[in-house]
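Student: Spelled out from the first residue to the last, the chains are:
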Amino acid sequence: MENRMGCLGFPLSLFRPEHKEESPHRGSETDFPEEEHPMIESPTPSVEIFAMPGHGRTSFLWAMLFQLRQLSRAWPSYLCWPLDESTGKSLLDIHERLRLGQLPERSVSDGGSERRYALHLRNMNPWGERYFIVCDTPDPVFTASRFDADSNRRPIDWNRPALWLLSLSDLDETRGRFLDLSLDELVRARRASGESAREYPFRLILVLTKGDTVTDLPPELRCFLREDPLAKALASGPDRLFRADDGIDLSPPPDGPDSYPEGDPLNAYFSARRRIDEATRDWLSSNSAGRALLGRAQDLNVEIRFSVVSATGSGLISGQRLATAWSPRRVLDPYFWSLELGG
Amino acid sequence: MLSQDRFVIDRTGFPMIWCKEVETYVHFLPITKIQFEYFLCDVPDAYFDADWYDRILNLNPRVTPSEVSAANYWRALMTGVKPAESQRFAAWCGPGFRLPTDADWTAIYRSVETEPAEDLHASGLLEDRDQRVRALLERIDVAVVEASARMRRVPGLAGQMLLRFGAMEWVRVGSPPSAWGVRGEPLPDFCGNLERPEHAAASLVADPNRDRFPEAGFRLLYSPSAAAAAESGSAHPPSSEPMSDGG
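Here the protein sequences line up with chains A and B, keeping their order. Under my numbering, the first residue of the first sequence is numbered 62, with each subsequent residue one higher. Under my numbering, the first residue of the second sequence is numbered 31, with each subsequent residue one higher.
Any given hint could be a false lead.
[Unchecked claim] On the chain A side, residues computed to face chain B include the following (Cβ under 7 Å): (1) Leu-161; (2) Pro-280; (3) Leu-286; (4) Arg-287; (5) Pro-290; (6) Arg-336; (7) Ser-371; (8) Ser-375; (9) Gly-376; (10) Leu-377; (11) Ser-379; (12) Arg-382; (13) Ala-384; (14) Thr-385; (15) Ala-386.
Because the hints were derived from the structure by calculation, they are not lab data. Beta carbons are placed, not taken as given, at the ideal position from N, Cα and C, and that holds for glycine.
If we strip away everything but chain A, and leave its shape as in the complex, we get (with noise of 0.2 Å):
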């Protein structure tokens, strides 16, 4: 029977300077680096996050670990452990704090401590092998004034896809009717970055937050983030989050509209990706200033795809407490994108 600690029972003995990990097994579409664990000591995250404060960064960061975390519960031969000390620390304290409803303090834009986690992914199809790191910082564009300073500035690889995380539920009105330009300003902080960065098309995945709250979410995406195969079952709480026969059956309904093919389970889940993509560029296309941004991306070559995420599941909140444990929607799907988009 599995131990309360669940997946994340992992030997902390990994932490140890003495232990040797032995050389991941290279899959054939990444690029996995030839050293041992070199991005380790990198500062460039493989996945840059953009986001304005109060837009749901941490919230977000912290499903999606739990979630990356989970999915060998899903994925058979997937492994999931953490790169650094750090991260493991991490990921046992946001595993518990989402059990127990427990929600993040102020955004570390407001002045908190920033985190960086950094994950070993392998055997995930069809992209392989892959690291997984991410900074819970204020970014650049959105939160510019923390860095007058420029002393504590990371290099951001621009070439890599990009998330921007956005709660239309805390646009002011202004900045929704100007969604355009915070585009823009994204786009400018790219090539102000350097040339190298020209070279390929922008990746945007544009991560709407908070989408249990979004008011005038078409109801097919509600059903989308409602129906989510993989949080139903991940984290649907403390008693199923540890039961011992914890393997998850994603297959489709009998009547849902995908038919499964054989092998690998989660293809479902993606093709719901796309269809979330289509539904919320087709939403955006009804306002003007969906309109105004999906034409300024045209303009300023950005390839786009669109996600919509809930990471806690629930607003019945107290204070800094959910009354349930988090049931994040689809927050891997952004990720997926940036993988699929060359991440």
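Based on these hints, arrange chain B on the given structure of chain A.
Tutor: Here is chain B on its own, set in the frame of chain A:
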């Protein structure tokens, strides 16, 4: 089982509808602020003083029946109350009143999920009602139709009773009931929630008697048989509706 009147009226003048699946009456709407105000005026209890109610109203401000619309109808509901406070209200309502269990709530929801909405006038639900109660029932009825249309759902009886697009509602969970959970599918304007209303309540991880949740309300069940089994001298038994069409 003896034939039951389809509707009864509680001591505050609000209707309850018979649900044969749980063999009890259930409040047609979650408890409203108007109902709770009757209680507040009646209980000689320093706990429920003006400051207490002010704190509650800060969480979900009050709206008068005439101001109710699709953009604010949840403000008419009594939310922000803790389970223990809800139980005090149930006790005040009289013998036979109680909060539902999770199983009760599921059975009630399933029994009305596909039922058409009541015609408030034809059913007699509005007859002899206090002006405020009548106005509130009518305005919420209209508001829910509008809200349901926006969410592309047919309101039906579940919507009309605000089992859908109402509040999160306290339910007892466990067998025997020993803890609290929440059920419901509020409008996202009021409370984000992606759980399906027909699914069992998720385990609470917060302490419902310490933390106060602005979107958590409740409704009551009334069991005539339980009331009869209790001491016979209940001062405020629900009155039968004369317009009953059976049940």
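Student: Tell me the numbers of any earlier hints that the structure contravenes, in ascending order.
Tutor: Going through the list in order, the structure violates hints 5 and 6 and respects the others.
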